[in-house]
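Undergrad: Sequence:
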Amino acid sequence: MLSRAVQLSGRVRTLQRCCALRFASSLHPLVRGLPAKLQQQPKFSVSPKKIQILAKPTQFYSQLLEMIRHAQARIFISSLYLGSSESELVSALKEALIRRPELQVHMLFDLNRSTRPGSRSTAKLLLPLRAQFPDRFHVSLFRSPSLRGILAALVPPRFNEGWGTWHAKIYGVDDQVLISGANLNESYFTDRQDRYLHFADQRRLAQYCFDFIKTVSQFSFKLEPPESTTGPHSVRTDAYNILWPTPEIHPHHIHDTAERALSNLQTTYLKTTPEHLDPQQVTMFPLIQAGQFNIRDEEKALKILFEHLNELGGGLVDLTSGYFGLYKEYQDLILQSANVDCRIVASAPRANGFYGSRGISGRIPEGYTFLEQRFMNAVQRAGRAGGVVLNEWEREGWTYHAKGIWLSTLTEPPMLTLFGSTNLNSRSAHIDTELSFLMLVPQDEIQLRKELGAEVEAIRAYSGAWKGAERSVRIGTKALVGIVGGML
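Per full-length UniProt numbering, the sequence shown starts with residue 1, numbered consecutively.
Read the hints as simulated data drawn from the structure, not as lab findings.
It is possible that some hints are incorrect.
Unchecked claim - Capping the alpha-carbon separation at 20 angstroms, the derived lysine to aspartate or glutamate pairs in EDC-like fashion look like this: (1) LYS214 - GLU259; (2) LYS467 - GLU394; (3) LYS50 - ASP444; (4) LYS49 - ASP201; (5) LYS56 - GLU88; (6) LYS49 - ASP278; (7) LYS214 - GLU102; (8) LYS94 - ASP135; (9) LYS450 - GLU412; (10) LYS43 - ASP211; (11) LYS124 - ASP135; (12) LYS49 - GLU451; (13) LYS303 - GLU329; (14) LYS303 - ASP278; (15) LYS300 - ASP332; (16) LYS300 - GLU329; (17) LYS94 - ASP238; (18) LYS328 - GLU307; (19) LYS50 - ASP174; (20) LYS49 - ASP444; (21) LYS56 - GLU66; (22) LYS124 - GLU88; (23) LYS49 - ASP174.
All chains, full assembly: derive it from the sequences and hints.
TA: Here it is as structure tokens:
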């Protein structure tokens with residue numbers, strides 16, 4: 001006779017198999033096999049009723065202010081920078097700190113972008129709060145280690161971002177999180193289109209995002225008042241100090257530290273992922289892409305996704321990026337997936353944020369036209385002209401910054417989306433540090449799927465036929481792309 005322990009173990013395994021089958025059967029046939037293939041990624045279950053898809057920049061800003069004004073215990077924000085005119089946002093943070101004496105605020109930005117010369121840089125805007133609330137207001141500034149040596153001294157501030165930025169966008173308060181690709185600047189609140197997904201009452205997801213920020217803060221500089229004490233590798237200025245927290249590690253040599261810390265974060269959350277996911281819940285996989293630190297979750301996940309879809313022989317992929325310099329490996333996935341149709345929306349030159357800029361940066365929209373031309377030539381050579389369509393987004397007075405992927409069929413709304421900070425280009429893959437999420441929606445969760453479909457259609461409503469083949473690209477721009485193409 002079997003022992004009681006063996007019988008119990010067998011029942012547990014049977015229950016696990018039943019739960020796994022029940023979870024898989026709740027998904028659309030196109031994506032049922034994906035969770036098993038993504039088993040090395042941590043994941044979260046989220047009630048679809050707690051997810052809100054915002055459509056407009058004004059909604060994004062209103063939601064952000066509302067969250068800050070009702071903060072109880074913590075505010076955690078990650079972005080590229082804080083715009084010079086965002087006094088209302090700074091005031092909202094100050095009022096929240098005054099109203100709640102126990103409130104902690106943690107902010108993480110890119111150092112190069114946040115310390116540009118000028119009277120209203122991110123660092124200067126936030127310094128008064130750091131000085132007033134030294135124990136509760138914390139500002140970390142990540143600096144890419146790729147720009148070092150003589151280049152660091154020679155490259156002008158306006159161009160030093162070419163060697164990598166802190167690019168993850170997280171806007172969290174207590175147990176709610178707003179994930180976007182938008183930065184904290186007036187145009188992103190008014191007339192610069194992006195994506196915005198708000199998650200309410202999500203303790204584990206919010207804690208992950210908070211831990212992600214705290215993890216990177218360990219190997220980032222700290223904003224401090226000018227009278228503060230500094231140590232090795234820190235930077236002193238008349239207005240503020242930039243303190244390096246770990247003098248035993250040079251800030252140019254954080255690669256191993258960063259890789260280990262980010263890998264440990266993912267491993268920790270993978271180990272604490274519940275055995276059984278609720279089949280009625282949305283499933284989210286956090287994907288860190290930090291090429292310079294050898295963390296390539298996004299790249300691995302997209303390879304799995306496209307190979308999976310190509311094997312099944314179906315699916316319609318909508319892909320968009322405000323900066324369409326599609327990463328070579330992603331181009332190959334699209335070109336080699338003959339069974340997967342792909343509709344792409346890129347920014348028209350006039351909708352590019354660099355359109356009309358002075359100097360070399362003014363050529364950036366033209367550079368993207370050149371990259372688009374090369375991609376469409378590759379589409380023709382691969383015999384994919386019928387399955388890959390490129391459109392361009394343009395709206396009078398607006399710029400375009402949205403990015404992501406949706407998976408649907410010709411007759412059904414999306415059952416999967418990728419969203420977050422990634423532009424899906426070479427910069428995002430190799431030199432910037434990104435955080436995005438792959439989200440699977442249960443087959444019967446029609447309302448949320450329709451909302452994702454509406455998100456796609458809202459983007460396509462301002463999209464027309466790609467006109468890049470008709471545009472001329474100057475030889476100088478082609479040469480520039482050849483030199484710095486991976487930085488676009």
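Undergrad: CA of LYS214 to CA of GLU259, is that 20 angstroms or under?
TA: holds, 15 angstroms
Undergrad: When you check the alpha-carbon spacing of LYS300 and ASP332, does it fall within 20 angstroms?
TA: holds, 14 angstroms
Undergrad: For a C-alpha distance cap of 20 angstroms, please report whether LYS94 and ASP135 respect it.
TA: holds, 14 angstroms
Undergrad: Given the hint that LYS49 pairs with GLU451, does the C-alpha gap stay at or below 20 angstroms?
TA: holds, 12 angstroms
Undergrad: Sort out whether GLU412 lies within 20 angstroms of LYS450, counting only the CA atoms.
TA: Within the cut-off at roughly 9 angstroms; holds.
Undergrad: LYS328 and GLU307 were given as a pair; does the straight-line alpha-carbon distance stay at or below 20 angstroms?
TA: holds, 16 angstroms
Undergrad: Would you check the hint for LYS56 and GLU66, treating anything up to 20 angstroms between C-alpha atoms as holding?
TA: holds, 15 angstroms
Undergrad: Quick one, are LYS124 and GLU88 close enough, alpha carbons at most 20 angstroms?
TA: Since the Cα atoms of LYS124 and GLU88 sit roughly 15 angstroms apart, the hinted pair holds (cutoff 20 angstroms).
Undergrad: Is LYS303 within 20 angstroms of GLU329, Cα to Cα?
TA: At roughly 8 angstroms apart (the allowed maximum being 20 angstroms), GLU329 and LYS303 satisfy the hint.
Undergrad: If you draw a straight line from the CA of LYS303 to the CA of ASP278, is it 20 angstroms or shorter?
TA: violated, 26 angstroms
Undergrad: Just to be careful, I want the Cα atoms of LYS214 and GLU102 compared with a cutoff of 20 angstroms; is the pair within it?
TA: At roughly 18 angstroms apart (the allowed maximum being 20 angstroms), GLU102 and LYS214 satisfy the hint.
Undergrad: Does the alpha-carbon distance linking LYS56 and GLU88 stay inside the 20 angstroms limit?
TA: At roughly 19 angstroms apart (the allowed maximum being 20 angstroms), GLU88 and LYS56 satisfy the hint.
In summary, the structure is inconsistent with hints 14 and 17 from the numbered list given earlier, while agreeing with the others.
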